[in-house]
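As given, the protein sequences belong to chains A and B, one line each in that order. Following the working numbering, the numbering of the first sequence begins with 1 at its first residue and continues without gaps. Following the working numbering, the numbering of the second sequence begins with 1001 at its first residue and continues without gaps.
Keep in mind that the hints were calculated from the coordinates and are not lab data. The structure presented is a predicted model; accordingly, all values stated were derived computationally and were not measured. Every residue, glycine too, gets a C-beta built ideally from N, C-alpha and C. Be aware that one or more of the hints could be misleading.
To be verified - Simulated coverage check for chain A against chain B, where a stretch passes if three residues somewhere in it have a Cβ under 8 Å from a Cβ of chain B:
#: 1; segment: 30-40
#: 2; segment: 179-188
#: 3; segment: 191-200
Residue-level listing of the chains:
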Amino acid sequence: MADRVYLDILGSRFRAQLSYRTSFLLDFAAQMVGQASELVVILVLFGRAKEMGGFAMHEVLIMYGIAGVGFGLADLFVGQLDELPRLIRTGQLDVLLLRPLSTLAQVATGDIQLRRLGRIIAALAVLVTVLSTSDIHWTGPKLLLAATAPLVGAVIFGAIWVVACSVCFWIVDGRELANTVTYGSNMFTSYPITVYPPWLRRFLAFVIPGAFVAYYPALALLDRPDPLGAPAFLSWCSPLVAVAAVAVAGLVWRFAVRHYQGTGS
Amino acid sequence: MSKKELRRGLAWSFVRALIGCYPHLAVAGFHRYSTYRSAAVAALTTNTAFGLMRIAVLFSVLGSRQQVAGYDAASIASYVWLGQGLLGVVILWGGHELADRVRSGDVAVDLARPWNLQFALLAEDYGRAGFAMLIRFVPPMLIGGMLFDLRWPQQEHTWALFALSIVLAVAMSFAIRFLLSLSAFWLLDARGVTAMYGLLGGIFSGLTVPLAFFPDWAYDALWWTPFPSLLQNTIDVFVERGSPLPLLAHQALWTVGLLVIGQLALRAAERKLVVQGG
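Turn these sequences into a full structure, and let the hints guide you.
Set out below in structure tokens:
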């Protein structure tokens, strides 16, 4: 029953977005250009260096591709959480809280932006191209890994997004802080974690589990041991990390909503 | 009142009429922006996080080499933190309030006032930029200076040229945003072009990667666009990369050119505007 409601909401949102066709196409193209501009940065950097943090261009591009698709999917499904500060400030969140539906799901489905498919398609094109032209020794588990890594990455990004946006329940205008964590994680995960200084790496790779989005899956695909000395099985652990991240995000979100008292206006 | 006093009074009112309301608008812009202090704290967090990641990525490109494309470690450090600091002064993203006023029609009121709309908004933007220098530029530079060896200007006159370069960059950023906003008179909605500008500006202004890292053909092509004058030229003046004259000339020419085009577009927009009712 509840599923039907979400589908109806989504259907109406999609029709609304597609009705302004030119505007939609422009936004869609802008998302593609946004993702492509990060690709240009990597290509420019490799014009000046043979390797970055011990990784060749195609290896970094695999990380960029997985991170890009993962981030794009997370942006598509939970990116609406960026609107949370506005919903809180205007009191619209109180309306959602009163309905017999999940608050998080309502915010997420409230305004799914189809234009964000542009980012996903651009990143996916790069990922498929690089994977098919790289010298990878394909096996069954690796094919499965290549197919699921972006999805698992999306789940990890989604969990990061939920935790980051939960801050907005306490900080009045927390949107920029939350964006720093989400968009910052996107940049962080697009490069091998070996390029970052140890203290930054410890925080962004393991406290925020950024290393498990693209870095470790890429190592497994490339049959490379971790230059930082992590055991090989860690490269296959991203799904477990994703489950743990979702559990933490669920707890944080619940705690935040329980302690929400309204803006009082 | 003596004749002398009268003459002085007349001269003074003449000067006031000439400069008009613009200094007041600059002061107002400064005050208006100074109320967004908590936003500045959040922005500092963003700038610091991205600064730390950018510098790590660029250092890994440098590797064990002394320099890449003429940038050594200290110049790269200065480049990154100057970029993060100047970003809040010479804004690349946002600052399109005029576009909203064109879309809603409120611009009719702005055009009816006894001022030149472009000069008025530029004056206000200078006020904003002045406050941003204190609250958006200085803190990232302090953090960068504490954590890294930055390259500071070796010659004293570089500081003056750097200041001039910022003044030009702010005007040019404004001139571009003014044109983008006016495009709403014809496109009705300027959001598509402003989004595209934000994306291109991020990479072609030299924010994410020094433009000198680009292949030569791309670098030469970019020189024909205004983008290097938004951030890269100002940074290069600071790190004393070659002669500052071509950098400043590029900024001055584009700034004046874009402001003049803005004036012409403003005239055309005034003719296009139809105020209904009333």
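Results of checking the hints against the structure:
no. : hint    : result
1   : 30-40   : holds (count 5)
2   : 179-188 : holds (count 5)
3   : 191-200 : holds (count 6)
In the structure shown, no violation is registered for any of the earlier numbered hints.
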